[in-house]
Amino acid sequence: MKQLMSLINKEIYVRRWSLISFSVGSIAFLLLYVLIFPSFQQESAKFNELLQSYPKAVLKAFNIENLQFSSIEGYISAEHFSFVWPLLAIFLAISTAGNAIAGEIEKATIAITLSMPIKRAKIYIAKAVSGLLAIGGFALLTTLSLIPLSKINNVSLNYNHVFKVSMLALCFALAIYCLAMMFSAIYSEKSKVYFWMGGILVSMYVANIVSGLINNLKNLEYVSLFHYFAADKAIVQGQLSLQSVLVFISLSLISLLIGYAVFIKRDISV
Amino acid sequence: MSEPLLELNKITKAFGKKKAVNNLSLKLNAGEIYGFLGPNGAGKTTTIRMIMDYIRPTSGEVTLFGGKGANQLAEKKQDIGYLSADSSLYPEWNAMRHIKYVESLRGIKSDGLNLAKRFDLKLNTKYKHLSSGNQQKLGIILATMHNPKLLILDEPTRGLDPIWQEEFYEILRNFQQQGGAVFMSSHNLSEVQKICDHVGIIKDGKLVASETMDSLRKIHTHQIMVQFKENVDIEAFRRIKRTEIIKSTPNSMIVNVTGDINTLLQEITKHQLHDLEVTHASVEETFLRHYR
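Read top to bottom, the protein sequences are chains A and B.
Residue numbers for the first sequence follow my numbering, so the first one is 1 and each next one is one higher.
Residue numbers for the second sequence follow my numbering, so the first one is 1 and each next one is one higher.
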């Protein structure tokens, strides 16, 4: 257990600066939106009208189909959870996973850990758990911080809805991280992890948009993680889809298990 | 006889059609220092990676302290110190953090700080700011600080200046006296001759020779270049056992001698000499010549 804790501590220690900078950046965005919202709210009718005139594909592209600019939840959903937050979460999750195994093999720093009396299974578990803690912490911190920020600035907010979007964000970020961990366990260069994850996520993003535009391809949305990340429904309407949560959790577990099976058997030339 | 600390039993590692290591077997007992020699790409590092279970043999078995298989090999690493030729440590960490990290994973309080003092290594300098020699010192400290029973070293003195190389040899000799065994690859042939008891040569993935240093001395080749002041009977030298005349003129010759050189030298000094030069053939050359 001590070994496991040492490995987890080390993983979090080496990733601490990216974790802190991404978290601070994301919270700074939230603060900005909370501060701007009161003045924005006064003109919300015009923005809602403008938004209605946007093509459906544009709204689908940014996952903002259920918009209400007149509320802080609607505003944050459109400004933050539709694009900025997922982008930050994706970058952080992929870079954390990419560096955890493939990056360490690439730099050969994994040799020191592999030379210790520790089974590979334990090394993988430690790396996976530390990443889950880091990414989970980021997701919770950067969504739940909306509550104190709104309180400080006297902005009325539905806390229940924030908890729901927080849970959805947590599941989404962990699914991205676990998928990237699987590729990190397979490859020995982190650029290959970024390449595969970039390719898969861009394809999913396009599939989500196309499914909204072409009726015949409506079912395509089900292959996209962005379809399940309906942050607008969670924060505006307080709806947290069980289907979304199950998809994210299933993908996370399957990816982690494949990564585990590959890592304990593969050759590591360092 | 006690069980070998390390045993490789017909290990082969193939990458596609190419066999990087081919049917290699060897044993290492307690108190032995085994020098593993071979040209670049011969399969030295691949062999060491298989010993450390970083890569798995396509066929054959690695046995460490009697244990086989990934799980047992992992446990046996408690008694192994490893220094990789290619590994780099964490660039942003200083020596102290590396030592503490390894101690925490091994669950021991080590001799690392004393070794750092002995090697005159600054503990608070980031790894990326250390010279290559100091980086190698840190690698050696991390490999030896937990008093292992077996050291697996891939080119351990690379980057060390001659003074620190001698210090390192001293550590290895003390380690050997305490019953420790060392398996080390090297390009530094004089180092192997100086400290190893046993030498193996790997070529194209195959162990082409494995001998004790005593046996090696018996087959060790000297090359003697001699220029006489007058013409001599070169054929007389040809009749001396274990000599091979490579090149000759009526008043000069280049001769390879295997083993004892005294007979030849006595014969040479019967004549007036203009010049005489005796050089050692390398261990690798000696082996390859012997086994050709």
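For the record, the hints were derived by calculation from the structure and aren't laboratory data.
Hints are not guaranteed to be accurate.
Within a straight-line C-alpha distance of at most 30 Å, the following computed DSSO-like cross-link-like pairs (lysine-lysine) qualify [claimed, not checked]: (1) A:Lys-119 with B:Lys-27; (2) B:Lys-241 with B:Lys-218; (3) A:Lys-151 with A:Lys-2; (4) B:Lys-241 with A:Lys-107.
Facing chain B, from chain A, some residues (calculated, C-beta under 10 Å) [to be verified]: (5) Lys-2; (6) Lys-56; (7) Ala-111; (8) Val-262.
Cβ atoms here follow ideal geometry from the backbone N, Cα and C, with glycine treated the same way.
Evaluated hints:
1. At most 30 Å may separate the alpha-carbon atoms for a hinted pair to count; A:Lys-119 and B:Lys-27 meet this at roughly 25 Å.
2. A distance of roughly 13 Å separates the Cα atoms of B:Lys-241 and B:Lys-218; the hinted pair therefore holds under the 30 Å criterion.
3. The suggested pairing of A:Lys-151 with A:Lys-2 is violated, with an alpha-carbon distance near 41 Å, which exceeds 30 Å.
4. For the given pair, B:Lys-241 sits about 54 Å from A:Lys-107 by alpha-carbon distance, which is inconsistent with the 30 Å threshold.
5. Using the Cβ-Cβ criterion of 10 Å, the hint placing A:Lys-2 at the interface with chain B is satisfied: the shortest such distance is roughly 6 Å.
6. Checking A:Lys-56 against chain B by beta carbon gives a least distance of about 48 Å; that is not within 10 Å, so the hint is violated.
7. This hint holds: A:Ala-111 has a C-beta 4 Å from the nearest C-beta of chain B, less than the 10 Å allowed.
8. Proximity of A:Val-262 to chain B is violated relative to the hint, the smallest CB-CB distance being about 13 Å (cut-off 10 Å).
Violated hints, listed in ascending order, are 3, 4, 6 and 8; each of the other numbered hints is respected by the structure.
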